[in-house]
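> With chain A held as given, fit chain B onto it using these hints.
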Amino acid sequence: MPKPDLSVSIAGVTFKNPVTTASGTFGSGMEYSEFVDLNRLGAVTTKGVASSPWEGNPVPRVTEVYGGMLNAIGLQNPGVEVFVKRDLEYLKQFDTRVIVNVCGRTEEEYLAVVERLSEEAVDLLEINVSCPNVKEGAIAFGQDPDALFRITDKIRRIATQPVIMKLTPNVTSIAEMARAAEAGGADAISLINTITGMKIDIERRTFVLANKTGGMSGPAIKPVAVRMVWQAAQAVKIPIIGMGGIASAEDAIEFILAGATMVAAGAMQFHNPCLTMEIIDGIEAYMVRHQIEHVTDLIGTVQ
Amino acid sequence: MKKKTSMNVLDSRQLAEGIYSLVLAYPEGEAPRQVLPGQFAGLYPRDSSALLMRPISVCRWDPAEGSIRFVYRASGRGTKTFTGLKTGDRIDMLGLLGNGYETGRMRGKRVLLMGGGIGIPPMLELAAVLKGEARSVTAVLGYRNRELFLADEFRREAEVLVATEDGSIGTKGNVLDAVRAAGIQADVICACGPMPMLRAVRDFARETGACCYISLEERMACGIGACLGCITKTRQIDAHSHVRNARICTEGPVFAAEEIDF
Numbered sequence: 478m479p480k481p482d483l484s485v486s487i488a489g490v491t492f493k494n495p496v497t498t499a500s501g502t503f504g505s506g507m508e509y510s511e512f513v514d515l516n517r518l519g520a521v522t523t524k525g526v527a528s529s530p531w532e533g534n535p536v537p538r539v540t541e542v543y544g545g546m547l548n549a550i551g552l553q554n555p556g557v558e559v560f561v562k563r564d565l566e567y568l569k570q571f572d573t574r575v576i577v578n579v580c581g582r583t584e585e586e587y588l589a590v591v592e593r594l595s596e597e598a599v600d601l602l603e604i605n606v607s608c609p610n611v612k613e614g615a616i617a618f619g620q621d622p623d624a625l626f627r628i629t630d631k632i633r634r635i636a637t638q639p640v641i642m643k644l645t646p647n648v649t650s651i652a653e654m655a656r657a658a659e660a661g662g663a664d665a666i667s668l669i670n671t672i673t674g675m676k677i678d679i680e681r682r683t684f685v686l687a688n689k690t691g692g693m694s695g696p697a698i699k700p701v702a703v704r705m706v707w708q709a710a711q712a713v714k715i716p717i718i719g720m721g722g723i724a725s726a727e728d729a730i731e732f733i734l735a736g737a738t739m740v741a742a743g744a745m746q747f748h749n750p751c752l753t754m755e756i757i758d759g760i761e762a763y764m765v766r767h768q769i770e771h772v773t774d775l776i777g778t779v780q
Numbered sequence: 004m005k006k007k008t009s010m011n012v013l014d015s016r017q018l019a020e021g022i023y024s025l026v027l028a029y030p031e032g033e034a035p036r037q038v039l040p041g042q043f044a045g046l047y048p049r050d051s052s053a054l055l056m057r058p059i060s061v062c063r064w065d066p067a068e069g070s071i072r073f074v075y076r077a078s079g080r081g082t083k084t085f086t087g088l089k090t091g092d093r094i095d096m097l098g099l100l101g102n103g104y105e106t107g108r109m110r111g112k113r114v115l116l117m118g119g120g121i122g123i124p125p126m127l128e129l130a131a132v133l134k135g136e137a138r139s140v141t142a143v144l145g146y147r148n149r150e151l152f153l154a155d156e157f158r159r160e161a162e163v164l165v166a167t168e169d170g171s172i173g174t175k176g177n178v179l180d181a182v183r184a185a186g187i188q189a190d191v192i193c194a195c196g197p198m199p200m201l202r203a204v205r206d207f208a209r210e211t212g213a214c215c216y217i218s219l220e221e222r223m224a225c226g227i228g229a230c231l232g233c234i235t236k237t238r239q240i241d242a243h244s245h246v247r248n249a250r251i252c253t254e255g256p257v258f259a260a261e262e263i264d265f
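Going down the list, the sequences are from chains A and B. Using the working numbering, count along the first sequence one by one with no gaps and you end on 780. Using the working numbering, count along the second sequence one by one with no gaps and you end on 265.
Everything labelled a hint here was simulated from the structure, so no lab data went into it. Treat the hints with care, since some could be wrong.
In the BS3-like style, the derived pairs of lysine-lysine whose C-alpha atoms are separated by at most 30 Å in a straight line are [unchecked claim]:
hint : chain 1 : residue 1 : chain 2 : residue 2
1    : A       : K569      : B       : K83
2    : A       : K480      : B       : K5
3    : A       : K480      : A       : K493
4    : A       : K676      : B       : K236
5    : A       : K689      : B       : K83
6    : B       : K7        : A       : K676
7    : B       : K236      : A       : K493
8    : B       : K6        : A       : K480
9    : A       : K569      : B       : K6
10   : B       : K7        : A       : K493
11   : B       : K83       : A       : K676
This is chain A alone, in the form it adopts within the complex (with noise of 0.2 Å):
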């Protein structure tokens, strides 16, 4: 059997694998080039960037729970400025494609953003609409159809890249958000965003975390996201970039068989910073050993 052919496409992109990082878990790659060849991912996702540089939320912002963790980081990032001197910058040294997360407070700054990017080297638009963190903007866009679809509407009007909602699974019907985006103009979805949770320290009697609620991800959402993944497939003819606790390759081919196109490692990579290495061998050899020519023939094919 030849080598097995692990590229994808999204709107007209290709990737040379379909393995990118979870927006958040990865900054823009330079803090992890030591531990990963930036080379051999399918893409980078960035960090959320805004229009401005954002503080983010107080410590303690992270926590672990039960078979993952909870985050309030808030968004902190420099601004669009600083990331598209330094982290563009950095990012075109190396042979990947570059999916940029972007986020606002409001419907105007997610476009500041998103046209301030339009001549950069960007190669695809992830819009966060699902942050749990930040108390204004962000999930409020991701937790209403109409508000959905009218700013994917907004952006894919004035994007020169293609465009990614990345939904969060604190929805009723995570179908619906899906198609709302889809009719919107998304090119893609991603999903799943954290699922909001909380904990509590019983001989303090306080929140753990100084932002109350947090966002849960690692291996205990798995579930989860799979089941949202496939959800959505059911109900749109858009890729999909699934994530959500994935830990390991076989992890990664549960997202594809539910008919994700692509798949991020997250919150695992603080357990394992190889791990996006580890999932692209791990994918290879599964094709290799199921006679699989094209990682494409395993896109939603569940039974």
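Just chain B now, with coordinates in the frame of chain A:
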């Protein structure tokens, strides 16, 4: 490419109530050339439901043996798994991480080290490195009660003063009470301990005109500067996010006290 290191447990023992010592050796040929006092490593619990490393400071580095000693408090689910480690076991480690103390700046100076509780262990490697380099090294160690740990090891490297909260040994009170009682003069102060202690130490340094460095801790996730989980507020705009947040795991854990807004 770097990866986690599978460390070999040379020794694991209890030192005091809730306080444990763990000596880990690098696999043959993998030991770093240099370990700076104040640096830390991420130790992964042996529990598959726990995904995050536990950041623990270097207490002692033995270059001949290629081993690092960690002294930690078993306070939660993760650190408690370390107490069951036995000689010959293996444990995954990320790092070394963080910046460490710049001991070059302390050459020929009168250095005062202050450790409170679980802030005591990182001061030991610092004392050992400064011995013979600094003009004088005084270590002031603050404990809860007569269950001292590491005090004998400190006595081999520095002049030692002890403070206990209950007054059972040394000065009754905290590290600053002991420093004031002894009238110690210092050019440089290095401290690790709870935030109220670090604030008081900073104020003392301001009063006496000493240069002050502090070692901070925070809940961490990635340990390498990517996740922005472990920030501390700074007085100046930081270089990473251009706000006023430094990453304790990357820009720290050692900071000049005057850089920090606390």
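> Determine for every hint whether it applies to the structure shown.
Outcome of the hint check:
1. A:K569 x B:K83: 44 Å, violated
2. A:K480 x B:K5: With a Cα-Cα distance of about 27 Å, the restraint between K480 (chain A) and K5 (chain B) holds, given a limit of 30 Å.
3. A:K480 x A:K493: Between K480 (chain A) and K493 (chain A) the Cα gap is close to 13 Å, so the pair holds against 30 Å.
4. A:K676 x B:K236: Holds, because 24 Å separates the two Cα atoms, which is no more than 30 Å.
5. A:K689 x B:K83: 25 Å, holds
6. B:K7 x A:K676: 29 Å, holds
7. B:K236 x A:K493: 40 Å, violated
8. B:K6 x A:K480: 27 Å, holds
9. A:K569 x B:K6: Holds. K569 (chain A) to K6 (chain B) sits at ~24 Å (cutoff 30 Å).
10. B:K7 x A:K493: Roughly 26 Å between the alpha carbons, so the hint for K7 (chain B) and K493 (chain A) holds.
11. B:K83 x A:K676: Holds, because 19 Å separates the two Cα atoms, which is no more than 30 Å.
Comparing the model with each earlier hint shows violations of hints 1, 7; every other hint is respected.
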